[in-house]
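In order, the protein sequence lines correspond to chains A and B. Numbering-wise, numbering that gives the first Met the number 0 puts 406 at position 407 of the first sequence, and it's gapless, one number per residue. Numbering-wise, numbering that gives the first Met the number 0 puts 11 at position 12 of the second sequence, and it's gapless, one number per residue.
It should be emphasised that the hints constitute simulated quantities derived from the structure, not laboratory data. It is possible that part of the hints are untrue.
[To be verified] Label-pair ranges, simulated between beta-carbon atoms:
1) B/S20 <-> A/Q51: 20 to 28 Å
2) A/G38 <-> B/V13: 30 to 38 Å
3) A/M39 <-> B/A47: 22 to 30 Å
4) B/R73 <-> A/H80: 29 to 37 Å
5) B/Q58 <-> A/V300: 51 to 59 Å
6) B/Q58 <-> A/A491: 38 to 46 Å
7) A/A491 <-> B/V13: 46 to 54 Å
Quick caveat, the model's predicted, so the values are computed rather than measured. Even glycine gets a Cβ: it sits at the ideal position worked out from N, Cα and C.
As a plain string of letters, each chain reads:
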Amino acid sequence: MSWMSRLANVFRPSGVDRALDEEIAFHLEARVDDLVANGMPRQEAELLARRQFGNRLRIRETSRDVKLLPWLDAVVRDVRHGIRALRRAPMLTLVAVATLALGIGANTAVFSVVNAVLLRPLPFKDGSRLVSVWSADPKNPSATWVSFPDFIDIRTQSRSLAGLASWYGYEMVLTGAAEPQRVQVVVVIGDLFSVLGVPPALGTTLRAERDAPEQGVVLSHRFWAERFGSDPAIVGRGLTLSGKSYRVVGVMPSAFQFPIQTVPVDMWAALGPEQFADIPQMRRGARMMDTIGRLREGVDVDGARAELDVLATRLSRQYPESNAGIGIRLVPAAEHVAGRVSRPLLVLFAAVACVLLIACANVANLLLARATDRRREIALRSALGAGRARIAMQLLIESLILALAGGVLGGLIATWGVDALVALVPGDLPRAGEIGVDRWVLGFTVTASLATGLVFGLAPAWLASRVDLTVALQEGGRTLSDGARAPRLRGALVVAEIALAVVLLTGATLFLTTFWRLQQAPQGFDPHNVLTFDVTWPWEKYSYEQAGNKFRELQTALRAVPGVTGVSAGMQLPDRGGAATDALWPYLEIEGQPVSKDARPRTALVANQPGYFSTLGIPLIAGRDFTDRDSLEAPNVVIVNESLARSYFANENPIGKRVKLDSWLVFGDKTPAREIVGVVGDVTHAGLPGAARPLVYIPLAQRPFNMSYVVVKTDNDPARLVSAIRAAVQSVDTDQPIYDVKTLDERIGMSVGQERFNALLLGAFSGVALLLAAIGLYGVLSYTVAQRTHEIGVRLALGADPHDVLRLVIRHGVTLVAVGLAIGIAGSLTLTGLVEGLLFGISPSDPRAHLAVVAVLALVAFAACWIPARRAAHVDPIVALRYE
Amino acid sequence: MGDEAALLPGTLDVLILKSISLAPEHGYGVLLRIQQITGGALLVEQGALYPALARLEHQGLLASEWGTSDNNRRAKYYRLTAAGRRRLKSETERWERLALAMSRALRAQEA
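Next comes chain B alone, as it looks inside the complex (with noise of 0.2 Å):
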């Protein structure tokens, strides 16, 4: 495990818009899609995940119901609201400019 690097603030918000964009899912199932999505190369406190959902949905990028898990148990599903997708969409874009931004800079300490 001690290659999993610890989150960047502000990353769990956009891994949750990411990974809910793809279909509604469960808490549970936010954080099992984003450590598929990361190929587990970054540590989701699992705890940290229900205020991050919270907050979201009080912001009014996710909206929720209750539904029917695959095991039949009661789950609370999260889905993204429009706002929550124009969100996700500014986010990517953010991220890959920082992203390319901070390689670019790396690169010429090295250089």
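Isolated chain A, as found in the complex (with noise of 0.2 Å):
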């Protein structure tokens, strides 16, 4: 028989079954003919053909077993009997699929994030082969930039990159319309959209280092639509930028987003070399330039690596003064732009996994009980003749169809759930955007579902196969106790299930307590009341001194504003948002404490205006503040953190002492030295765990940026006053947009949104393992004094104290429960290691945290044996016995 008509055997069996059916009748109606031959009346010839023929129906069974695909045949008919059998127990089977839909469907939805962030490739074009290229400094783990004359020597000598680009970002303001408006420019250096592969949608892209008398701009589609209504003429329109004229050459798709990051770009330029060939900043020591290749066909990352470390090798040699120590490092891009990301959403991805694991023992637990119910029917077709392994393969079919319903619904409470997750994540989430459910999420459902039916269904379908017929048949309508195993493997999945939950409720009480520790003061200021903007006066119109003098005369504008209390600018604000100033980590020398060129520290810089830190709440300990007669021509002063008075100056008064700052970025060649006039508080910046760190600093006067952010602190509620500030600043400039208009708190509240997503995630998902556990404890418990209501009554009958049955149940419970706690704690206490670095205020084997799940749990459990046992001691004797 061809495997053809094998397969159309499965799905028509009858007629086989008939084939074989008119087989047997010849060979009755033959042996019938040779016993009338023989002389044998017919009525007992065909009683006897019959007997001596044997049973029919089982030799059918075996005989067709053997001629079709007998798996296939079988697993048709299981799916079938199965889902029969899922409907007479309609309760069991709604519990356990919705129970599965939520775990799948949670699966699902954080996998959906999962797989946007940190899975799919970068959506240019073969975006796997693209690299972040880096400069490593192994003493300055942040300042990671690559310096403009590197950049060059790596693009022209490496052989591994078939292209390399540089960009930053920049803030320019676009005048000629209505409004000034601030907009978002990235400047290119280098080949940049050949590297990424992306060809324009309207126009050309820019071509590299071109030597034109007007600079191109290439806009996104989204600025193109916003402020051009999506003009198909706009190639060749003349654009006016921070008072020079650019020139559109092209429009970008619109899915085209780089770099990936928070803050759209409105468009990308292009610079040449020759405008940076004079600029301080474009030296070799000034890493500044954030860096993109793509490798060539045929190279790796590592064997790139190889390449790049000889080069870089080379050019500390050729130019110590720069380069000596430092390397050249390559992250695939995608890598790097999941970031500090990826290990929070893997740890979300973990728990997200126990909370199904949990449900899937919990649904074992029911499919275990309903076994034992079913044990008649199962000894039955036992007795007909299945076999164990066509037995446990029902049982495991009737799982999978269970998983597969959990799955179906959890995916469409995934599409959901994924929709509701995206309002979630926090705003910097990097490719937010691109989540949403694909094939390969899809993927991952069915094999979850599967997956999830195969832990689930295997031991109690191999368990309840396991049938001693003689017992199971002679026990007959009475109660079947289910053995030896069965109870025992119930036990263990409620031990797991415990386990499981005090591992996810450690990591929810962790993650929770960050997120609070890092909203509580004290913080070292005072957020209440603050309103913060970024100014960022155009260099092409001010120089640094001019914006300096303008940042003097806005200071005096928001002052006349009437509810304002205090005005002042900084670089940086107490929040994570500041992080980028990193980069200007000057190295710290202190006058009367030489050490080698080598060995000297670094310290964090702020440059701010007077009155900083009075309008922020930052406690002046000692000295004074800076004022306006601190300027450019005066002498050069400082004020310190608490942190670098402790560090530096342990057992002396750090006023009147003299400290230089050395960072080619911020200073150039000058190191002047730098007297401490005050010392103020620390500021824990909120959200960037850890203690606080040595901090200087100084005057925004004695040196000028064209950005900061101006800090107003108001009497009242801040965003009261916001239009009459915006007047206040066009007041000195018409042309002046403000930007980035945000109170403290609500910054503060953004720059622990990484926090706040994992406490919530965690917090969420511990509930549920904790709310199912307990489930799972109290279906155990309740099934155990179900079995035992005989022998429960028969104690009563006997004069037993209900007390004792009662604390008989209890401890059955509080043993599997203790026992649970156990093997979770220890098992939170080595997954630590986990966590580590997403937490701030508690460390992650804080016993206070162990406790409160220890209380926690032991609560729960206890309600879930408490109803149970109760029902155990009103047993009533007489009922007891009489339903036996």
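Put the two chains together into one complex; each comes in its own frame, and the hints tell you how they fit.
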């Protein structure tokens, strides 16, 4: 018989059965004929023939098993049988499917985030070949960008990179229309668009270092639509940006986003190297450019790393002054984009997988209990000749049906859940816009469902298929006890559930504490009633010195606004938003404490205006604040924070001591001595876990920058004053937009977005886990009580104290809980490494966290034990005995 | 009937192959043929014949077609395939070796 016809047999078994029936009928008739021919009466002959032939039904079954693709036939029949069986137990089916749907749905939703943020290649041509290129300075882990001359050398000398481009973000003011508008410009050095492999939707892209009198810009699709109403004749149009003219050369497609960041880019502009030649910031030691490269065909990341290591060594020998000890680091670009969110996401993914495991354990318990109820059915099938594997297969198929039903429902839940999750994700989550349900996510759902079905179905199926026929059938209608293994397995499952729930609860406690601590005072400043916004004086219009004066003018104008009690400005706000100034980390030299050039420590640096500390409520511990007299011409002064004073002036008064700050980017060649005039309190930068670090403040007037955050303290809700403040800014410069207007409270809330997300999700997951574990415990104890009703009835009839019965059941529950707790705590202690670095203000092995978890779990577990225990104690002996 | 020996496992298949090797035969005919060639010494459970036939057919040792029996009834006739013939030969050799070895062993024990 051919494979095909056998396959066909599966779906029309009746034809095969009929042929076999005919064959058997012929046999019987021939036999009867022979017997009759030998002189036996026909009726007797028919009986004898039948008896000699044996069990027709069984023979038919075994013959058919051979003829058909037996397993496929069995599957089709088992699926039909399974659906019938599940329909007969609607409550169980409902509970199991709902539990699984929640578990699979939650997993799918979280996976869709993991998929978009961590797994999918970047949305560029052949995105997996893109690499981020960094400088590696072992002494300064934060300043890792690439300098312009290094960039040129890497690009011309590397053979493993097919292309290399750099960029940095820049803000310009677009004028010419009614309102001056701040635009996000990405300045591109090199052939960025061909490295990314994305063609424009309109016009051309920027060509590398083109020598044109007028700079070209490429617009983003969004900006083109918003600002120019998708004008098809935009290419060739001139624009005035921060007082200079540019020409639009192209528009990118709407899906194009680069760099992948939360602030959407409005346009890309090219700058040729000739424009950098004179700027000191373009020197080899000034590392400030983000760089992306494309691996040449046939070269992998490791190969490219090896080559660039050699190149870096050559550069350090050639330029020891700037490049000694500086390496070149390659990171797959997708990995870099995922950056610091990858670990929290993986932790959440692991957590939600644990929830699914707990759900599996619960469903497995349900099935075990049900299998006991079905022992007669199973025994009967076994007596009729079904093998053990066959019965196990049938039960397993029932589990798979449950799992797939849960998967389908879970998929539906996930499509809704993904939206909810996207609404919750922190604002700075990269690639959040790509989150959605695609074929990978659907594939994950199907795989997860099947795996789930196997996990919770395998053990019950195998155990239940092992029946002792005589016992099972003899026991008849009486309540069946279920052998020795099933209760032990049930207990083990509940213990596992509790252990997993403990791990999740511990994680949730840690993350909730972290979130709570981050929002807690004292952080060293007072964020209430403070409005903050960003002002950038375009350098095309103002020199740095002029910009410094502008800040002073602005301060005066704002002070005049009614309701304003304090005004200042600073390069950095006490939140995570200012972390970019890490690039400014100067070397610190302290007069009287000489160290070798290589051993110099670094310090964080903030330039601010007078009044910064009082406006933000940062206490002045010693000395004085900056004043307007600390100008460019006056002696250089600094204020240090407590950490710095403690680290370097442990036993002396830092006031009057002198320090030097050395940073190419900030001060160029100049390293004048600066006198310490004040000491202020440490600020724990919200969202920056860890202790406060040494920090030096300098007067903005003595090192002017063209951009700064302005802070305005008000006597009431600062949101009321936004329009008055805007007017004050326009009075200083009518073309000046203000940007990123937020209260400091809002900013702090945003900076802990990731922690909030972690805490919220892990809290929800552990809540579900706790609930499921409690249901599991309740189920097992109830079941045991139901099974032992007869025994309990006898005990009570013989005069046992109901309290003893109560204690008996509770002891059973407490044993399970205790074992689960012990395993769970041990488990969470071994997993602390996973969350290290994601926490703030609490250690992962903090005994208080564990105690809290034990307390919550014990409380819930007790409730789950109490109800079945009371039921046991209230068993009416007469009813229990009659029930038999 | 007391002298009839139960079939050793694996013997039914080779008996079926042997009985069909002489001429194509239907199921009932196979049964009669086995009884005939074994002189009624081996007990074949009649019902067990059909699963065995189906199994052998599935293994490709037998082929079947519907035909008309002596008494003009539709019956399924089995014949040996080439593979069936080869199997019969190898099985026969195996049984002969086994039978020889067994009888030698048993005689040695008596001595």
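Taking the hints in turn, this is what the structure says about them:
In this structure, B/S20 and A/Q51 meet the distance hint of 20 to 28 Å, their C-beta atoms being roughly 25 Å apart. Judged by the Cβ atoms, the range 30 to 38 Å given for A/G38 and B/V13 holds: they are separated by roughly 34 Å. The hinted range of 22 to 30 Å is satisfied by A/M39 and B/A47, whose Cβ atoms lie roughly 23 Å apart. Take B/R73 and A/H80: their Cβ atoms lie about 34 Å apart, and the range 29 to 37 Å holds.
Here the CB-CB span from B/Q58 to A/V300 is close to 55 Å, well matched to the stated 51 to 59 Å. Between B/Q58 and A/A491, the C-beta spacing of about 44 Å keeps the proposed range 38 to 46 Å intact. Distance hint check: the CB atoms of A/A491 and B/V13 are about 50 Å apart, consistent with the given range 46 to 54 Å.
The earlier numbered hints are all upheld by this structure, with none contradicted.
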